[in-house]
Structure formats: C-alpha cells, structure tokens
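Asker: Sequence:
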Amino acid sequence: METTNKLKDIKEVLDFLYAEFPQCFKQKDGIKPLKVGIFKDIAARIEGSEKVSKTQVRQALRKYTSSWRYLEAVINNEFRVDLDGNDAEKVEQEHVEHAQKALEESRAKMAKRKKPQRPRQDGRGERRRDGDTKSYKSRGENKHRHGNKNAKVNAKPEQQQRRSSGKVEPLPANEVKVNNKVKVKLGQALVNATITEVNKDEVHVELVTGMQVKTKAESLFIL
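According to the UniProt record's numbering, the sequence shown holds residues 1 to 223 in order.
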C-alpha cells in the first residue's frame with residue numbers, strides 16, 4: 001500500500017505549491033500578485049490531501065506574499081492571477097501603495113541590520129579624559145536634554161491616542177464574520193483586510209497584498 005509523507009516545513013509546502021499550481025506560483029521569475037481569496041481556492045483543490053494541511057498553506061502564503069519579489073510584483077503588475085494563471089481582478093492603487101510601504105520598511109530594516117554600529121564607549125571615554133568642568137557641564141546639559149526628550153517620547157502615545165480617537169471604531173462582535181471587510185491593526189498601522197476564517201478567539205484575515213494573517217478580534221476595526 002502506498003504511503004504519503006506529510007510535508008514538514010514551509011519550504012516543502014512552497015515546493016508543493018510550485019509543483020501543484022505552476023501557472024500561479026513562481027519561485028523567481030514571472031511572479032504575479034495572487035487573486036484575492038486564493039487561499040479558499042487552494043483549500044478547495046487540496047481537500048482531503050494527506051500531504052499538506054490548510055494551516056501549512058496559510059503559513060506558506062504568508063511567507064510567499066511577504067517576499068521582496070512578490071511585493072515588487074504587486075507594484076508592477078496590473079492584474080492578479082488565479083491558480084491556473086488566468087487574469088483575475090485588477091490590482092488596486094491602495095494595494096500598490098501598501099506594497100510600496102511594506103517593501104521600503106523591509107529594506108530599511110535589512111540595511112539597519114547590516115550597518116555597523118559605533119561603540120558608545122569611545123564617546124564616553126573622550127569625555128572622561130577631558131576632566132574639566134566643561135565636560136561635566138556638557139554631560140549635565142545632555143542629561144537635561146535627554147530627560148526632556150524622554151518626556152516627549154513618553155507623552156507621544158497619549159497624544160497619538162487622542163488624535164486617533166473617533167477616527168476608528170472596534171469591530172462589533174456580531175460583525176466578525178467571514179468575507180467582511182475590516183481594518184486590522186499590525187504594529188502601529190491599520191491595514192485593510194478581508195476576514196477569511198473565524199475559529200473561536202482566532203481570526204484569519206487576508207491583507208490587500210494577499211498575505212494571510214492570524215489575529216484576534218480585538219485587533220479588528222470598522223473599515
């Protein structure tokens with residue numbers, strides 16, 4: 001009797017998608033934005049499969065749609081594609097702008113990690129070697145300035161909270177339904193999304209870029 005080995009990691013699941021849907025998923029060249037709701041289409045096609053689960057597909061989609069190549073594809077292509085490689089809906093300008101922002105932030109983080117940092121010890125050592133009243137005074141002034149700066153930073157979230165009040169409203173519990181359009185909080189940003197699955201306290205949404213995200217109901221807001 002033939003036995004089927006369960007796929008173990010995201011790379012294997014991505015390889016499965018490349019092989020199963022070659023007109024839709026590309027490793028490098030020819031990447032195009034995925035049709036909105038592509039997860040449901042995949043789930044229907046792999047129903048009953050013993051190799052891959054829906055959870056694994058969702059994780060693989062998250063990785064696929066967060067890559068630089070995919071974000072560039074959202075920016076540079078007019079249409080999305082379905083599982084068979086056919087043109088689906090047009091890529092909306094809002095989706096392009098979101099992809100541009102995500103790409104810029106990802107590249108900035110990468111550049112920051114690669115940039116060597118100067119050790120702070122050198123600056124402190126120079127001040128200690130001066131040994132005069134001016135250097136002590138400078139430290140006192142710096143401390144005073146930093147103190148004011150910290151006070152401003154600490155006050156900033158409250159100011160942001162006041163500014164944001166009234167602009168967005170939490171999504172009512174009775175509106176946490178599949179296919180509803182919402183805003184989801186990711187870090188400090190609110191991103192447009194569509195609810196794809198509700199599982200008790202967990203809610204799965206699809207972002208405008210096609211990325212699948214798992215979140216909580218309290219992170220959802222009225223669109």
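Any given hint could be a false lead.
What the hints assert, rightly or not - When the alpha-carbon atoms are kept at most 25 Å apart in a straight line, the in silico PhoX-like pairs for lysine-lysine are as follows:
1) Lys51 <-> Lys8
2) Lys11 <-> Lys200
3) Lys90 <-> Lys51
4) Lys183 <-> Lys90
5) Lys112 <-> Lys63
6) Lys101 <-> Lys28
7) Lys63 <-> Lys185
8) Lys115 <-> Lys167
9) Lys167 <-> Lys90
10) Lys200 <-> Lys181
11) Lys35 <-> Lys11
Simulated from the structure, these hints should not be mistaken for lab results. Note that this is a predicted model, so its numbers are computed, not measured.
Asker: Now tell me, hint by hint, if it's right for this structure.
Answerer: Checked hints:
Between Lys51 and Lys8 the CA atoms are separated by roughly 9 Å; this keeps the pair inside 25 Å, and the hint holds. About 29 Å separates the Cα atoms of Lys11 and Lys200, which puts this hinted pair outside 25 Å; it is violated. Pair hint Lys90 plus Lys51 does not hold up; C-alpha atoms about 33 Å apart against a cutoff of 25 Å. Straight-line distance between C-alpha atoms of Lys183 and Lys90 comes to about 21 Å, which keeps the hinted pair within the 25 Å bound.
Restraint check: the Cα-Cα separation between Lys112 and Lys63 comes to about 21 Å, which is no more than 25 Å; the hinted pair holds. Of the pairs offered as hints, the one joining Lys101 and Lys28 holds, with about 21 Å between alpha carbons and a cut-off of 25 Å not exceeded. For a cut-off of 25 Å, the pair hint linking Lys63 to Lys185 stands: about 19 Å separates their Cα positions. For the hint linking Lys115 to Lys167, the alpha-carbon distance of about 38 Å lies beyond 25 Å, and the restraint is violated.
Of the pairs offered as hints, the one joining Lys167 and Lys90 is violated, with about 29 Å between alpha carbons and a cut-off of 25 Å exceeded. Simply put, Lys200 and Lys181 have alpha-carbon atoms about 19 Å apart, close enough for the 25 Å limit, and the pair holds. Simply put, Lys35 and Lys11 have alpha-carbon atoms about 21 Å apart, close enough for the 25 Å limit, and the pair holds.
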